[in-house]
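A.B. asks: The primary structure of each chain is shown beneath.
Number of protein chains: 2
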Amino acid sequence: MIDLTALASRLPEGALISDADRMEKYRRDRANDPNAGVPLAVIRVESAQDVQTVVRFAAEHSLPIITRGAGSSLSGGSTAIDGCLVLSTERMTAIEVDPRTRTAVVQPGAMNADVKAAAAAHDLWYPPDPSSFEFCSIGGNLATNAGGLCCVKYGVTTDYVLGVDVVTADGELVELGGPRLKDVAGLPLTKLFVGSEGTLGIITRGVLRLIPAQRPAATLVATFAQLADACQTVQDITRGMRPSMLEFMDQVCINAVEDETAMELDRSAAAMLIIQSDEPGTHAGAEIDQIRIICEKNSATEVYATDDADEGEAFVQARRIAIPSVERKGAVLLEDVGVPIPQLGDLVLGIDAIARNRDVTVAVMAHAGDGNTHPLIVFDPADAEQLERAELAYGEIMDLAIELGGTITGEHGVGRLKQPWLKDYLSPQALALNQKIKDALDPQGILNPGVVFN
Amino acid sequence: MIDLTALASRLPEGALISDADRMEKYRRDRANDPNAGVPLAVIRVESAQDVQTVVRFAAEHSLPIITRGAGSSLSGGSTAIDGCLVLSTERMTAIEVDPRTRTAVVQPGAMNADVKAAAAAHDLWYPPDPSSFEFCSIGGNLATNAGGLCCVKYGVTTDYVLGVDVVTADGELVELGGPRLKDVAGLPLTKLFVGSEGTLGIITRGVLRLIPAQRPAATLVATFAQLADACQTVQDITRGMRPSMLEFMDQVCINAVEDETAMELDRSAAAMLIIQSDEPGTHAGAEIDQIRIICEKNSATEVYATDDADEGEAFVQARRIAIPSVERKGAVLLEDVGVPIPQLGDLVLGIDAIARNRDVTVAVMAHAGDGNTHPLIVFDPADAEQLERAELAYGEIMDLAIELGGTITGEHGVGRLKQPWLKDYLSPQALALNQKIKDALDPQGILNPGVVFN
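As you go down the protein sequences, you meet chains U and A in turn.
According to my numbering, numbering within the first sequence proceeds without interruption in unit steps and concludes at 454.
According to my numbering, numbering within the second sequence proceeds without interruption in unit steps and concludes at 1454.
These are calculated hints, taken from the structure and not from any lab test.
Among these hints, one or two may not hold up.
Unchecked claim - Just a few of them, taken from the derived set where beta-carbon distance is under 8 Å, the chain U residues facing chain A:
1) Gln49
2) Ile81
3) Leu176
4) Ile341
5) Asp424
6) Tyr425
Nothing here was measured: the structure is a model prediction, and the numbers come from that model.
Note that the Cβ used here is the ideal one computed from N, Cα and C, for glycine as well.
Produce the complete structure using the sequences and hints provided.
C.D. replies: If you want it as C-alpha cells, here you go:
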C-alpha cells in the first residue's frame, strides 16, 4: 500500500486529491476514452520543484505519471490509467513577456489563448493556433508540437520554442535553451522534448519566440462541386504562394456548421476553401486576387473575397467550430492524418470511398495547405455494430494515409489512441531508435506509459 | 593491424584512400587545427549503403569515424584524429527538387549554393545562408544546424528540415520524416539529428522544405561613431520589426573589407549596420524608411539606402567577405558567441575591453538581429606569446558571453575547438542528459569522438 500522505506532506496544501469524485474530471481528455482508468491520486503542482517531488516519489514506487494540461488531447495523450498519478499543471499558469528579447516565458498550464493575449499586449504575436486555442494549454502544445491554422505560413509549435525546462524521469530539473535566437551548443535537446508527448520528461517552463503582430488579413471563400477540384486548387496555390491560411471543409462539415450558424453557406457544395492573406497593404488583396483566378480555373462554383477583417474572421470562426458542430451529430472518432500536398486529392477521395464502403458518415476538414486533414467519423455510440464499422474506417483511413506516403498524425500526437498504428507507419529501425531514446531517458517507463510507446 | 583491403573490397573502386599524401587534404578543416591527426584511411562514400559498410567495419574494429562534408567547419567539427576513418561525403551530391511538394531531397555532399540554385530553377528558395554558402556542404549545414544572414527573418537550418536518413552507430539506416509538412508520429528524431554534429549518426539524405523565391530587397547601410549606438539601433529595430537581414561590422572589419574592395566604406566609423527588407513592393522601402529613422535617432553618422538590388548586394557581399578579409591580416581564432539582443551592446563593448586588455586585435562582425556575433581574434602565428594572449582572449570572450546569458556557439557548432567550454555553458544536468543520449545511440563512442563530447 502506497502512503500518499508522505507525498502530500511534501507538496503545497491541497495539491493532492485522492477522492474518487474529485478525481473524476481528471480521468479523461477530449478523446473521451471509455477505458480511461482510475488514478491513485491527482496532484496539482505549483512549481518545478513540486514536479520533481512527484516524479521522485513515482520513481521510488514505480508509479506511472500521466501529465495533464487542459485535458484537450484528441488522441488520449492525457487519459488516466489505473493506479497512476495524474500530474496536473493547471495551477502553473504564469506568463511573462519580454518585449526586448521578443520572448514569452510560460508555465505549462497557461492557455494558448492567454499566451497570445499576453504577447498582443506588447504588439507581439505567438503564432501557433490550434483550433482549440481557447481551451488548450501551452504545455500540451509543447508536448505534442501542436499545429493549427496559421502553420501553412508560420510553422508549428517547435518553430517557436527557444527553450524548455524539463523534469526528467530521475527527478532532475534540466534547463535547456533560453532567450537566444541561435544556439547550437550541445545536442538540440529542446527540440527533442517538444513533441515527445510527455514520454521523456515533464515540461515545467517554456521560452517562446514571439514575432511582431500579424497584419489584418484579406479572406477568400470558394466553393466547389467536386472534391478533386478543391484539392487541385490547394496544390496550385501552394506550389508558388504562401497564404496565411488555407483551410478545407467538405459537405458534411459545411452542413454541420451551417446548422449551427445559419450563415448561408452553400449546403450543396462538395467542398469549401477558406483562404487568407496577411501580406502588407494592398498586397493582401493582390494575393487574394491571384488565388481567385486559381479557384476559378479549377471550376469553383462561387468565390467570395473580402478585405474586411471582421467578416473574414466570421469564416475562420466557421472553420474553427467545425469540430464541435460535427460532434453534435453523434459520437466521433477524430482523425489527424496528413499527406504530401500532391496526394491530398487521393486522400480526400479515398476517405469518401471508405465512408461509403463502411456506410458511416465522415466529415473532413483540413489544414489543406499543410496536407493535414481531420476526418471525423460520426457514429451512434448506442449502436455497437455501427461503432465497429466506425472503428474499421478509422484504421482504414490511417492505412490509406500511410499508403499515400502520409502520416498517421500531423499535429494531435500519437497519444494512446494511435499507438497501435505507429508500427505500421514507422520503420522497424525508426521504432527501435525511438525505443532507445525512451529507455535511456525513462528506463522505468513511468512517464505517460502507453502513450507513443507500447 | 587492421586489414583495410577487406573494407575496400566492399566499397566502390577507388573509394578508399590510405596514401599519406592523398589523405593530407582531409586532415584539417577551416579551423586549421595544428594538432590534426593522421587518418588510417579516407573513404569517399557514394551511397547510404557505403556509409553502412564503413560504420559496421568501424564498429567491429572500434575505429573512430570523422564525417566530413566540404571541410568548412570553423570549430574543428571535421578535424581528423590519429587512426580514424575519415568518411567523406564529397561524392554524394545529388539534389532533386519537387516543386509540387516544395521540397528538395539532397545528399549530404551537395553544396548549399547548389541546393539554392536547384530550388531557384523552380522559382523556389532554400533560405539558410551561411556566409560560406558557396563552399559549405548541406550535410555539414544539417549536422551543425547552420545559420546565416537571413535567419533573423527566416530561421535556421532545422526550420527547413522535414526529414533525414541517418546511419546510426550500429550500421542501421533509419529513415526519419519526409515530405510531410506536419508530422508528429513518434519522437521528433529528425530534429535530434539536425545539429548533433555527427555524434549520433551520419546523415545520408535530407528532405528540405522550400519556400517561394525571395523578393528583391531594399538595403540600408548606416555607420555609427559609437558601438553602443549601433547596438541600441539593433535593439530598437528588432523590438517591433523583422528585417530580412540585420548585420553588424566593427571598425576592424570595415577596414579589412575596405582594404579588399575599395568601395569607400567609412574607415573612421566604429560600426556599420547592413540592413535589408524584402517586404513586397513599396513596403520594403517603407520598412527601410522606418529603420532610417531609428538609425538617425541613435546618432548614425551616415545613412544610405537603396532600392537597387545589385547595389544592395554589393554591401551584403562586403559583409560576406569580412571573414576572408580579416583572415588576410594574420592567423585568426574565430568566435561564434551569441547573447539575447538586449545584451548585444555589453557583449560588443566587453569584447573591445578584452582586446585592449590582452593587447590583441579583435574584429567583430555579427548577425546582429539574432544576437549572434563572430569576433575574430587576429594574431601572428609565429609569435608564441601573442598566440597565448589570443587564446586567453578566446576563452574570455566565451566566459563573457556566458556571463551575459549567452551561448558559446550560435551557429558553427561546438566541434572540437569549443568542447572544453561546453561544461561552463551547460548545467551539469544538461550535460548528463546529452551524455545519456550519446551513450544510448553510440555506446562505443565511434562517431566524431572529441566533438561535443569529451
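A.B. asks: Determine which of the earlier numbered hints do not hold for this structure and return their numbers in increasing order.
C.D. replies: 1, 2 and 5
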